[in-house]
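Participant: As a plain string of letters, each chain reads:
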Amino acid sequence: MKKRIIITVCAILAVAVILGLLQALVVPKYTSNAEGLLTGEYYAEAEGHDVIFVGDCEVYESFIPAVLWEKYGISSYVRGNAQQLTWQSYYILEDTFRYETPKAVVFNVLALKYGEPQKEEYNRMTVDGMKWSPSKIGAISSSMTEEESFIDYVFPLLRFHSRITALEADDFKYIFSSKKVTHSGYLMQKGIDPMVGDAPTDGREELDYTLPETSMEYLEKMRELCAENGTELILVKSPTNSWAYWWHDEWDEQVREYAEEKGLAYYNFIPETEAIGIDYSTDTYDKGVHLNVYGAEKMTDYFGRILAENHGLAELSHSEETTSAWQERLDAYYKDRNS
Amino acid sequence: MQFTSYSFIAFLAILFAAYFLSPKRWQWVTLLVGSYVFYAFAGLDCLVFILFTTLSSYVISRLMESALKRENDYVAANRDAMSKEERKAYRARAKKKRFHILLWGLVLNFGILAVLKYTGFAVYNINSVVSLFGGKGFSIPSLLLPMGISFYTFQTMGYLIDVYRAKVTPERNIAKLALFVSFFPQLVQGPISRFGDLGAQLTAPHKFNGKTFTFGLQRILWGYFKKLVIADRVLTAMTTMLDDPAGYDGAYVLLLIIVYSIQIYADFTGGIDITIGIAEAMGIKLTENFDHPFSSKSTKEYWRRWHITMGSWFRDYIFMPISVTRPMMKLNKAMAGKFGRVAASKTVAYIASGVTWFVTGLWHGAAWNFIVWGMLNCLVIIVSEALEPAYKKFHDRFPKLTASAVYGKFMSVRTFLLMGVIRSLDCYGDVGLTFRLWGSMLTFKGFGAIVTGGIFDLGLTAADWLIVLCGIAVVYFVSRASARASVRERLYDRPIMSAALCGLMFIAIIMLGAYGFGYDASGFIYGDRF
Amino acid sequence: MEKLIRILTELHPDVDFATAQDLIDDGVLDSLDIVSLVSQIDSEFDVTIPAEEIVPENFNSAKALFDLITRLDEE
Amino acid sequence: MKKYLRFICLALALMCVVFCAACGGDDTSGDNEGNSEFDTFYVKFDNVTIKLGDKADGVIASLGEAQSRTEIGDCGGLGAQVKYTYASFDLYVLESKTDGNIIDQITFRDDIITTPEGVYIGMTAADAKTKLGDPTSSTDKALLYTDGKYTLKLTIEGDAVTEINYITN
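Chains as they are written, first to last, in our numbering: chain A, 13 to 351; chain B, 10 to 539; chain C, 300 to 374; chain D, 2 to 170.
To be clear, the hints were calculated from the coordinates, so they are not data collected in a lab. Computed from a prediction, not measured in an experiment: that's the story for all the values here. Cβ coordinates follow ideal geometry from the N, Cα and C atoms, glycine included. Hints may be right or wrong, so weigh each one.
Derived contacts from chain B toward chain A, CB cut-off under 8 Å, selection only [as the list claims (entries may be wrong)]:
#, residue
1, His109
2, Trp113
3, Gly468
4, Ile516
5, Ala517
6, Met520
7, Gly525
Dumping the calculated PhoX-like pairs for lysine-lysine here, alpha-carbon to alpha-carbon at most 25 Å [said to hold, decoys possible]:
#, chain 1, residue 1, chain 2, residue 2
8, D, Lys142, A, Lys131
9, A, Lys299, D, Lys98
10, A, Lys131, D, Lys98
11, D, Lys56, A, Lys131
12, B, Lys105, A, Lys15
13, A, Lys125, D, Lys150
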């Protein structure tokens with residue numbers, strides 16, 4: 013009888029190991045769309061940042077930590093994701109505070125317009141990369157659409173098992189490691205795809221211009237979290253010029269009111285596009301929706317001056333290994349930029 | 010709560026633990042609580058109906074029991090004072106009184122089932138008749154259909170009839186009866202158990218036994234393999250063909266018939282394997298519901314191997330009683346004079362089986378296609394019964410041929426296809442449409458299209474079809490092996506091989522199963538129609 | 300008893316009912332045969348076999364069937 | 002027959018009881034949020050029916066050459082929003098690998114195109130209400146007719162309808 017128990021236990025262990033291997037094999041490697049790898053890359057350099065950026069694709073395409081360090085000596089990291097919803101920003105911020113306490117947090121306000129989860133794929137790309145913590149559990153339970161179930165996050169194999177019949181070479185190549193795709197969270201886009209025709213004068217008609225309660229509620233929770241940690245929360249709206257992601261005046265008005273009421277700084281960079289020097293014939297890689305690296309450098313330079321002058325982030329002192337770490341990151345950034 | 014949902018797996022694990030940890034005397038209580046928790050997941054308002062059925066059956070069974078006791082005491086007390094005829098008359102009168110009590114139970118419970126399941130169907134038919142004369146029909150009410158009502162109602166009525174026939178002593182403890190009515194695994198799709206077989210087992214204590222528990226888990230695993238790897242995967246191709254019957258006619262109908270036969274076999278026997286496995290893990294033996302149905306050589310044999318418990322229920326509680334009722338006997342006597350004894354008795358049998366098949370069809374679902382399905386099955390059985398002498402002559406003329414294995418295989422394939430054709434009434438839904446499609450099937454239109462790749466744009470890739478084919482091969486191999494001797498018994502003697510195979514099976518289910526996000530949690534075919 | 304055997308052989312001429320012991324279990328007699336048998340017994344022996352008595356034990360052999368008929372007659 | 006009479010009326014009584022219990026138990030008719038019986042979320046133009054939620058490919062083919070087509074990719078490369086500009090209206094389509102191309106929004110650009118009920122830009126709000134019935138909800142600047150999934154939004158300035166949009170919620 014004892015022999016039988018031993019065999020059963022060994023069999024269970026063997027099955028567990030095999031399933032673990034299969035899980036590593038079938039989980040998407042996101043080599044074709046790098047947005048799935050952004051969250052996970054933070055943990056490799058999760059200390060010594062003065063500023064943390066959170067938000068959706070506008071934030072990781074508009075601000076370059078390397079340039080912020082080079083020009084203003086500000087150490088920063090961009091924890092952005094494709095369509096990162098406001099509650100996901102909150103939980104990622106909560107997760108960040110478990111590693112370090114930045115002096116300032118910058119939140120891109122476009123995501124406030126989404127009141128409920130949009131697509132399961134976005135949830136997975138944002139949340140799967142997080143290390144397991146109460147923050148990850150919070151992120152999952154607040155983002156799940158109805159068809160999703162919590163166990164699919166605990167065991168991604170249950171969600172991605174059907175990819176076994178659609179494996180690619182990268183699934184084997186990156187089975188245990190993952191490709192590095194960002195420069196401290198900035199996803200470099202070197203392409204130039206100018207905006208065609210005359211600039212749009214208005215975005216799509218929206219059903220209702222009041223910002224959803226859920227996103228405002230989590231914005232408030234972010235503000236409280238920053239206040240608790242003595243961190244300044246700064247709201248920004250990155251420049252964009254497309255009818256699809258149009259920042260309607262009603263939204264701008266509501267965020268301005270909220271910022272004044274809570275004493276937060278709020279910068280809407282759309283009207284200041286000329287002042288920043290952004291030219292949509294050279295500084296965008298997708299016809300005006302997002303900035304490419306050249307546009308982002310102008311944007312970061314402009315925003316860096318604001319941070320230094322208005323938010324006391326000038327002449328910051330850093331430890332020896334932070335400075336040397338940034339030296340390497342700068343070299344890597346320029347190597348990638350000019351290649 | 011579908012069998013294929015994660016929450017059911019968690020529920021099962023908790024129930025097993027609670028069942029074996031609770032003290033022997035209270036084990037059946039844990040089972041009862043578990044069954045009602047399972048049932049509550051299907052909707053609290055359904056509880057009302059299952060409680061009503063339990064309560065009414067309890068009261069009626071006790072009334073019949075006391076009536077029978079009074080009858081026996083009376084006869085015993087005056088045994089000598091009464092002559093044989095008097096005694097016979099008294100027994101007949103007492104039996105009629107007991108029958109009345111039984112009738113209350115049947116009317117009450119079948120009444121609920123009829124109202125909930127068939128009102129819509131009845132109103133629909135009334136509407137179509139009324140609209141013939143230009144009237145405006147009634148609005149069809151949307152009625153709540155409690156989970157498993159068809160199964161637990163039939164099982165409980167079987168119990169009541171057994172009590173009436175004094176074949177079973179009624180259960181005194183209403184909670185124990187409640188467990189028999191609501192034993193959760195068989196709620197979704199049977200098997201329909203008899204109180205004589207299951208009643209005592211449910212309330213008897215069961216010590217944890219490694220062997221039966223492993224056997225139970227293995228059977229559950231086997232059920233999930235058939236359900237998730239084969240049935241649910243093939244379902245995608247079926248729904249594509251069913252969504253556009255006009256587009257997929259001709260040879261596609263034949264393809265659908267074969268695919269549906271595979272799908273319903275894997276889905277139904279898989280579900281029953283899970284049900285029987287769960288019971289077996291807890292030391293409870295449920296009646297087998299299938300016995301290699303696709304090896305049957307005739308329709309009659311098929312219906313002794315497919316959904317056995319339903320067939321035996323209808324035979325014992327509808328077919329037999331009908332054939333011994335007075336009108337039937339009078340009809341038999343009347344016809345015996347004119348057409349001879351054998352012909353008369355045969356007609357009685359045919360009428361009785363016609364009625365039984367009508368009720369079977371209706372029980373499967375509240376729609377004409379199910380009734381036509383039932384009647385067609387009946388027709389095939391009666392025709393093959395009537396042609397019996399012709400078959401015998403054919404067998405005598407070619408003894409070598411008919412005894413050969415090839416002819417045996419031919420008969421199995423013939424029965425498989427015949428049953429598949431009739432069964433396709435289930436999925437096409439509309440009787441007229443189905444007959445037209447059967448007609449177009451004979452033209453074999455589009456056969457070329459299927460073979461040259463048409464089969465791959467039904468929603469299943471080549472890999473999917475390969476997985477399904479391997480699944481079928483495994484099922485075929487295992488069922489052939491189990492025909493000789495119990496596979497699990499032989500595996501039990503080789504623990505390493507058994508553990509390896511179970512591990513492999515588990516991995517196959519996790520990797521190749523059609524479940525989770527992207528696959529809609531498709532309930533069991535029978536589960537959908539309660 | 301001979302009358303009963305005669306009825307049985309009419310249904311299935313190729314079976315020797317005198318000696319056969321498990322007509323039901325071997326599937327010699329199926330539900331259709333049983334029903335025709337019951338109705339013939341009713342017309343020939345004027346004994347109605349109630350549904351609860353239609354169980355394999357009573358129909359497995361001609362002798363068992365005959366005992367059932369006599370028992371029902373006296374009761 | 003008499004003694005069976007009792008059973009029949011009992012059965013009838015039972016049926017009514019069960020009938021109400023069952024009906025009350027689960028109201029599956031699922032009425033929509035608004036009370037307006039308005040439920041037509043499509044537009045007919047050059048006898049082409051453009052319905053929200055439908056597949057876009059056929060409609061775009063039969064509408065003929067669009068004045069312009071701009072495509073904005075979703076970040077994360079999962080799909081794209083495409084805007085087809087026609088003479089009288091803009092057509093917004095959501096393209097995704099998994100769900101195909103779905104018609105998402107229709108925005109009127111002139112008063113030639115009308116809703117099936119005959120409402121066009123420039124009409125007075127009062128006339129629009131007579132044609133469409135009471136709106137599901139309304140603000141000082143807009144009338145909304147919704148079935149929970151789709152919405153017809155009439156933007157009102159003064160008392161004239163200045164914009165007409167069919168939007169997917």
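Participant: Does each hint hold? Answer for all of them.
Facilitator: Each hint tested on the structure:
With a least beta-carbon distance of about 51 Å to chain A, the hint placing B:His109 at the interface is violated under the 8 Å criterion. Below 8 Å, beta-carbon pairs count as interface contacts, and B:Trp113 has none with chain A, the closest being about 45 Å; its hint is therefore violated. Contact between B:Gly468 and chain A, as hinted, is not supported at the beta carbon level, the nearest pair being about 13 Å apart and thus beyond 8 Å. For B:Ile516, the shortest C-beta to C-beta distance to chain A is roughly 6 Å, which falls under 8 Å, so the interface hint holds.
With a least beta-carbon distance of about 11 Å to chain A, the hint placing B:Ala517 at the interface is violated under the 8 Å criterion. Checking B:Met520 against chain A by beta carbon gives a least distance of about 5 Å; that is within 8 Å, so the hint holds. A cut of 8 Å between beta carbons decides the hint on B:Gly525: the least distance to chain A is about 5 Å, and the hint holds. Between the alpha carbons of D:Lys142 and A:Lys131 the distance comes to roughly 31 Å, so the proposed pair goes past 25 Å and is violated.
Taken as a hint, the A:Lys299 and D:Lys98 pair is honoured in the structure, with Cα atoms around 21 Å apart against an allowance of 25 Å. This hinted pair checks out: A:Lys131 and D:Lys98 have alpha carbons roughly 13 Å apart, not beyond 25 Å. Between D:Lys56 and A:Lys131, the direct Cα distance comes to roughly 19 Å. Compliance with the 25 Å bound is thereby established for this hinted pair. At roughly 63 Å between alpha-carbon atoms, B:Lys105 and A:Lys15 are farther apart than 25 Å, so this suggested pair is violated.
Annotation: proposed proximity of A:Lys125 to D:Lys150 holds, straight-line Cα distance about 18 Å (limit 25 Å).
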